[in-house]
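Each chain sits in its own coordinate frame; assemble them with the hints.
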Amino acid sequence: DAKTTQPPSMDCAEGRAANLPCNHSTISGNEYVYWYRQIHSQGPQYIIHGLKNNETNEMASLIITEDRKSSTLILPHATLRDTAVYYCIVSSVSGGYQKVTFGTGTKLQVIP
Amino acid sequence: SQTIHQWPATLVQPVGSPLSLECTVEGTSNPNLYWYRQAAGRGLQLLFYSVGIGQISSEVPQNLSASRPQDRQFILSSKKLLLSDSGFYLCAWNRLAGLRLEQFFGPGTRLTVL
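Here the protein sequences come in this chain order: E and Z. Those letters in the first sequence? Residues 1 to 112, per my numbering, in order. Those letters in the second sequence? Residues 1 to 114, per my numbering, in order.
For reference, chain Z alone in the conformation it holds in the complex (with noise of 0.2 Å):
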């Protein structure tokens, strides 16, 4: 079965510093890997997606990165955090099955910047 697994599952930082935070996936290969955002009271909003090692789409301009160095691993990154970027960050993989469109996510990030 696919696991999705992602850490740590809750950080707090200052302002200005760096961020990175780790999504890996099993049981799969070559998934299509997402980053969300949801702000408090907030919807979804998709941050990145990858189809596959070396390939990223940003959806929106901020200040944050992410990357994909290994087929099931995507991580996001940031050089100095803004208050803003407080939120629920959840990692997700889809696939095909058969014409379905099948999205997992995994447990989230839970992150505060002070």
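One chain only, chain E, in its complex shape (with noise of 0.2 Å):
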């Protein structure tokens, strides 16, 4: 069962902001926040984590709120190569080894 909840779908003009949200109401305290994209017929790639504070890399931007039951993934500058279905999961990691469900994400199509 996953553990979160995101939009089916979401559209967004090319060279805006994606701003993709994401519930997980019941986090628990030792759990991450991840979030994966898979481009149609591709393996899912790794874009970024976070616990409780605001993370960014070279990829896109996370904000997990104040009570983590929710985050937003941001691409900051959307372009047609990031239309894909973007998953946002929850893990916690104890005795080396964790099991990773996967919810059935957003499909983000970006619109030239």
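Honestly, the hints are just simulated from the structure, not real lab data.
To give an idea of the chain Z side of the interface with chain E (calculated C-beta under 10 Å), a few residues:
| # | residue |
| --- | --- |
| 1 | Leu90 |
| 2 | Glu102 |
| 3 | Gly108 |
From the derived model, a few chain Z residues whose C-beta atoms are all more than 10 Å from chain E:
| # | residue |
| --- | --- |
| 4 | Ile53 |
| 5 | Gly54 |
| 6 | Val113 |
Negatives, chain Z to chain E, calculated, CB over 10 Å:
| # | residue |
| --- | --- |
| 7 | Trp7 |
| 8 | Gln73 |
| 9 | Ser77 |
Even glycine gets a Cβ: it sits at the ideal position worked out from N, Cα and C.
What follows is the structure, given as structure tokens:
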């Protein structure tokens, strides 16, 4: 059972910021939020992760609410190559092993 | 660096035929290994995971099985394929990097059952 809920689809104009929301209201204290994306017919690609602080890397920014019950992935300047399905997952690490389960994700369509 | 291989890349099989998909990992030892399936227009469904040789956990009841004969080899099998087994099959492994869980996916196998 996925622990996250995401809108099934979103559109974004090329060059604009894409803001992808994710709800994870049952997240526990030791669980991280991860974002992956899957371009058609490829394996998912890691984007970013965070625990409670906002994070930024070369691909995206991750904003996590103070209560950690939701987060937003931000692609600051979306390009056509960002068209993909974006998965938000939560997972904890303990005992050196953790099962990771993906939900249905958000299909982002970047429009020229 | 770590690499994950899957083969074949594509496969077309008749209903009732057997199946064997192979996944191998390079550049790491004792990885946690996973099989996922993605049906057309659907999310990733976890099928099996393994924490070590001979240790397999199944997530959903189905006519598929998995085996891990070697540390870095994970095999997905079926004795008799069903139409509903069609989909995109992904193998993955993960590791801990400090407190961060990193998961890596293979290129996938696209299976069509006719």
